[in-house]
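Student: Going line by line, the protein sequences match chains A and B. Using the UniProt record's numbering, the letters of the first sequence correspond one by one to residues 1 to 327. Using the UniProt record's numbering, the letters of the second sequence correspond one by one to residues 1 to 327.
Think of the hints as simulated: they come from the structure by calculation, not from any bench. Treat the hints loosely; a few may be bogus.
[Said to hold, decoys possible] A partial selection of chain B residues facing chain A, derived with a Cβ cut-off under 7 Å:
1. D46
2. G50
3. T53
4. L135
5. V138
6. D142
7. T146
8. T153
9. I237
10. A240
11. L242
12. Q244
13. R245
[Said to hold, decoys possible] Some residues of chain A that are not near chain B, with every Cβ distance over 12 Å (derived):
14. R15
15. Q22
16. L162
17. E262
18. A283
[Claimed, not checked] Per label pair, the in silico range of CB-to-CB distance:
19. A:P137 - B:E208: 53 to 59 Å
20. B:P282 - A:L239: 25 to 31 Å
21. A:L114 - B:A133: 55 to 61 Å
22. A:L239 - B:A283: 24 to 30 Å
23. A:A133 - B:T290: 28 to 34 Å
24. A:V267 - B:Q111: 49 to 55 Å
25. B:D90 - A:G186: 32 to 38 Å
26. A:L114 - B:T62: 25 to 31 Å
27. B:S25 - A:K187: 58 to 64 Å
28. B:Q111 - A:D18: 42 to 48 Å
29. B:A283 - A:D215: 47 to 53 Å
Glycine included, C-beta positions come from ideal geometry on N, C-alpha and C.
Protein chains: 2
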Amino acid sequence: MHALILGAAGMIGRRLTDALAQSGSLGGQALDALTLVDVVTPAVPDALAGRVTAQAADLSGTGAAETAIAGRPDVIFHLAAVVSGEAEADFEKGYRINLDSTRLLFEAIRQAHLAEGYRPRVVFTSSLAVFGAPLPPVIGDDMILTPASSYGTQKAMGELLLSDYTRRGFLDGIGLRLPTICVRPGKPNKAASGFFSGIIREPLAGQEAVLPVPDTVRHWFASPRAATDFLVHAAGIDLAPLGQRRNLTMPGVSATVAEEIEALRRVAGERAVALIRREPDPAILRIIETWPEAFATERALGLGFRADPSFDAIVALHIAETGAGPA
Amino acid sequence: MHALILGAAGMIGRRLTDALAQSGSLGGQALDALTLVDVVTPAVPDALAGRVTAQAADLSGTGAAETAIAGRPDVIFHLAAVVSGEAEADFEKGYRINLDSTRLLFEAIRQAHLAEGYRPRVVFTSSLAVFGAPLPPVIGDDMILTPASSYGTQKAMGELLLSDYTRRGFLDGIGLRLPTICVRPGKPNKAASGFFSGIIREPLAGQEAVLPVPDTVRHWFASPRAATDFLVHAAGIDLAPLGQRRNLTMPGVSATVAEEIEALRRVAGERAVALIRREPDPAILRIIETWPEAFATERALGLGFRADPSFDAIVALHIAETGAGPA
Chain A
1 MHALILGAAG
11 MIGRRLTDAL
21 AQSGSLGGQA
31 LDALTLVDVV
41 TPAVPDALAG
51 RVTAQAADLS
61 GTGAAETAIA
71 GRPDVIFHLA
81 AVVSGEAEAD
91 FEKGYRINLD
101 STRLLFEAIR
111 QAHLAEGYRP
121 RVVFTSSLAV
131 FGAPLPPVIG
141 DDMILTPASS
151 YGTQKAMGEL
161 LLSDYTRRGF
171 LDGIGLRLPT
181 ICVRPGKPNK
191 AASGFFSGII
201 REPLAGQEAV
211 LPVPDTVRHW
221 FASPRAATDF
231 LVHAAGIDLA
241 PLGQRRNLTM
251 PGVSATVAEE
261 IEALRRVAGE
271 RAVALIRREP
281 DPAILRIIET
291 WPEAFATERA
301 LGLGFRADPS
311 FDAIVALHIA
321 ETGAGPA
Chain B
1 MHALILGAAG
11 MIGRRLTDAL
21 AQSGSLGGQA
31 LDALTLVDVV
41 TPAVPDALAG
51 RVTAQAADLS
61 GTGAAETAIA
71 GRPDVIFHLA
81 AVVSGEAEAD
91 FEKGYRINLD
101 STRLLFEAIR
111 QAHLAEGYRP
121 RVVFTSSLAV
131 FGAPLPPVIG
141 DDMILTPASS
151 YGTQKAMGEL
161 LLSDYTRRGF
171 LDGIGLRLPT
181 ICVRPGKPNK
191 AASGFFSGII
201 REPLAGQEAV
211 LPVPDTVRHW
221 FASPRAATDF
231 LVHAAGIDLA
241 PLGQRRNLTM
251 PGVSATVAEE
261 IEALRRVAGE
271 RAVALIRREP
281 DPAILRIIET
291 WPEAFATERA
301 LGLGFRADPS
311 FDAIVALHIA
321 ETGAGPA
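All chains should be modelled from the sequences, with the hints used to inform the complete structure.
Tutor: Put into structure tokens, the structure is as follows:
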């Protein structure tokens, strides 16, 4: 079993790399080789050192996709993307990286398919950003994709390509719309969604966090571990039950900001909660109000994808993984 | 008012050209100039001869989109496409013409927007092929697009691009998912949907028609005139009520094959109906069974788009336009 991770240096890519290195297998088979690609050379995990190739590459460049798949990986995790804010700020870069690179990858696979019958499993990470307001309170698997960002547009187009290349037999694709990752490790960033993690992460580290929206705001979450588990699960399962619909919203935990704060209070007490500073930001609220609140993810559940059990469990996982916690 | 028709030599393009030439106006303004583009040089209508430019161009070629919009048309009708069967048979050509040409057009408009604030109305023809089985009996405006063909995939990707370029302010787009055109003029063709028109058109001309599916098959129809009216209407209306959702399923007539045949019987009698030869074709039935049967098109109706009143009216229109009819 040879796996390729495109976007291996990102937050999810690094966790996926570690998860594969620790298990040493994928889809019930021994992992003989792992190829890691990103715009910067990804770190090589110790456990698999002898079997890992790490490459720095711009996947929108000529021949880059062909080079990435030269070893004919059995499973390709395609996580490489520029994020929402960057795709919005730099229109051309967003389309080049998020759309063109995806198409170049699928085209390289198609050419190898035509030449030698190559047909890898491709696990593509899509996003909740494919959905745009107006949205129902609970979004079903049949909801139209009307992205309100260029990033969401590029991901929705990637989903369509994935389905068509799968239908034509060139690859065996599955697209996962990942929930918003929470608790996202690391420092506060400028993403509009940053506070969802910040109001847990910062108080647990004894630091102040800014909350720019009302407590009633509801959203859809998965822990970094759940997101990684989704990718690993997607690589190994039989996709025949999906038919031609190869893109799935992943299960998550639907929680309000108030429920997040209660979970924080239960584990870290009033002192932690007191570190959350309410600073309403109408601009952020306007963005967040158009986001999905909850999903009915029957198709993904039917294939065995499982959400975190609760927001408490998401917080507990963050504490266990980072050592953060009440002093 | 300057209008550009891309795909002006096709069946709908020619009708749209004639409709504009006859009215001499568009969106309540006098039509000063009309530019017609297709892979073959489109015919120039007499009524507008002095104001028409006709060009032969492959819109996927370098600079072709820039040339097509050089006159900065106020309204661009983008009908150019290779059809479903050809896009399925020639994968690369389908993506080149149906996806790349659309993107090149939108990019040419964006560059002109950035340089000089150009922002035309773009009327894009999409297709029911963006929908794929399993489908509910009546499809609402929120139904997910899961195309079961490369053509449908390319149209769905065009819809997403149209929305994003509109959202970013580069153009003012509206996408119309046209019903299956019936009665389609001309000779029988090899399209899987050909019999829907054939069982009306051929008997009215005193010729035999083959019916490859059961009488219970239901589908969604518009006359050629209704389709042309949709395009003209889309060019002139205020699109603000659409918000960011710029793609609409057009109203149609939902009719079964049995209802088609009854309409034929009413106008042309038993002798015409006797010319329909039932010749079940499981391959065609398998394709047709995955097609949509009916839609609830509230959003389009709210904007003033109107379907043909009945299948009888569709047949009557065909007779009036072609002179076909009971001997």
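Student: Does the claim that A:E262 lies outside the interface with chain B hold up, using a Cβ gap greater than 12 Å?
Tutor: Given a closest Cβ separation of 33 Å, the condition holds.
Student: Does B:T146 pass the interface hint, meaning its C-beta sits closer than 7 Å to a C-beta of chain A?
Tutor: holds (5 Å)
Student: Do B:Q111 and A:D18 keep their Cβ atoms within the hinted range of 42 to 48 Å?
Tutor: Holds, at about 44 Å.
Student: A:V267 and B:Q111, beta-carbon distance inside 49 to 55 Å?
Tutor: Holds, since A:V267 and B:Q111 (Cβ atoms, about 54 Å apart) stay within the stated range.
Student: Take the shortest C-beta to C-beta distance between B:L135 and chain A; is it under 7 Å?
Tutor: Not OK, violated: B:L135 not within 7 Å of chain A, min 9 Å.
Student: Minimum Cβ distance from B:L242 to chain A below 7 Å?
Tutor: violated (11 Å)
Student: Regarding A:P137 and B:E208, is the given constraint of 53 to 59 Å on their beta-carbon distance met?
Tutor: Between A:P137 and B:E208, where Cβ atoms are some 55 Å apart, the hint holds.
Student: A:L114 and B:T62, beta-carbon distance inside 25 to 31 Å?
Tutor: holds (26 Å)
Student: Go ahead and decide if the range 28 to 34 Å is satisfied by the Cβ distance of A:A133 to B:T290.
Tutor: Taking Cβ atoms as reference, A:A133 and B:T290 lie about 30 Å apart, which means the hint holds.
Student: When you take the CB atoms of A:L239 and B:A283, is the distance between them in 24 to 30 Å?
Tutor: Holds, at about 26 Å.
Student: For the restraint on B:T53, tell me whether the closest CB of chain A is nearer than 7 Å.
Tutor: violated (31 Å)
Student: Does the CB of B:R245 sit less than 7 Å away from some CB of chain A?
Tutor: holds (5 Å)
This entry does not satisfy hints 1, 2, 3, 4, 5, 9, 10, 11, 16, 21, 25 and 29, going by the numbered hints stated previously.
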